[in-house]
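Peer 1: Sequences are here, hints too, so could you generate the full structure?
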Amino acid sequence: MENISSLNSPHIERVKALLGPRGKKTREAESTFVVEGIQSVREALMPKINEGLALKKIYVTEDGLTKLSSEISEEVLSKYELITVSDQVMKAMADSESPQGILALCSTKSLKLKDLWQMSPSKIAYFWQIQDPGNAGTVIRTADACGFDAVVFSEASVDIFNPKTVRATVGSLWHIPVIADVDFSDFISESKDQGLSIYALDARGNSILDTAFIKQSSAGPSVWIFGNEARGLPELPADLNTVSIPMKGFAESLNVASAAAIVMHSIGLSL
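Under the working numbering, the residues of the sequence shown are numbered 1 to 271, in order.
Just to be clear, a hint being listed does not mean it is correct.
Below are the BS3-like pairs computed for lysine-lysine, each with C-alpha atoms no more than 25 angstroms apart in a straight line [unchecked claim]:
| no. | residue 1 | residue 2 |
| --- | --- | --- |
| 1 | Lys109 | Lys25 |
| 2 | Lys57 | Lys24 |
| 3 | Lys16 | Lys56 |
| 4 | Lys56 | Lys109 |
| 5 | Lys16 | Lys109 |
| 6 | Lys57 | Lys109 |
| 7 | Lys164 | Lys112 |
| 8 | Lys164 | Lys25 |
| 9 | Lys25 | Lys57 |
The set of hints was computed from the structure by calculation and includes no laboratory data.
Peer 2: Rendered as structure tokens:
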């Protein structure tokens, strides 16, 4: 097992390049992204879907190796390149302020819309130009928790392999298919061709997300569309169903991650 203690190691330089200001370009060029923490690395080692993102290499401190070995069998760990590093090297590598002593490199696997239709999904969440990394990671985690079959992001959305997004998913990237850079018009057209009902969340929607509507809309396969944090939804086809979340207080709207959580929990648990 290789051991790294020098702060001049090229391993540090490579990891920081994947996390830095130009990280997106580097991640795309190398088809590699960084995963931090015991929970995310554990899920990467034991993915729930065949379309999971392949783990390439694991860096661990002494404490990190103890944590990982307590949750993952030696048989599984022996399949991967495991590199021990000093606490100082881990701190230099990590993006988080308080690293857990476990960091991995994973290869990106870009699923396409055609791959999604082969899975015959019944519940899909689509996000138009979502910009906040934390929101993006949270909605992936929520969709996973609520039993949705996939999350789709439009073009001009945040990079799903942004380190903050990856951390916010807390491992759900390895539980549910996530498809990025999908054109809105193409998605609507193909969803209709697949026979899915389409609903867009809008504060002025022509339907209200109440018990009767939830029961009705959950009867068949469906797509749920959520807009940008600041600008809301794009221009919608005239025949698209719009839905509002009833609110009792004085707030004009909800954060996109909060709205998505309410809808996906309501729809997902009604199946």
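Peer 1: Could you run down the list of hints and mark each one as holding or not?
Peer 2: Okay, the hints, checked on the actual structure:
1. Lys109 - Lys25: The hint holds at about 15 angstroms.
2. Lys57 - Lys24: This hinted pair holds, its Cα atoms lying about 19 angstroms apart.
3. Lys16 - Lys56: Roughly 16 angstroms separates the two Cα atoms, so the pair holds.
4. Lys56 - Lys109: Holds - the C-alpha atoms of Lys109 and Lys56 are around 12 angstroms apart, at most 25 angstroms.
5. Lys16 - Lys109: Satisfied, since the Cα-Cα distance of roughly 21 angstroms is no more than 25 angstroms.
6. Lys57 - Lys109: Measuring from Cα to Cα gives roughly 16 angstroms; hence the hint holds.
7. Lys164 - Lys112: Cα-Cα ~23 angstroms, so holds.
8. Lys164 - Lys25: holds (16 angstroms)
9. Lys25 - Lys57: It holds: about 20 angstroms lies between the C-alpha atoms, which stays within 25 angstroms.
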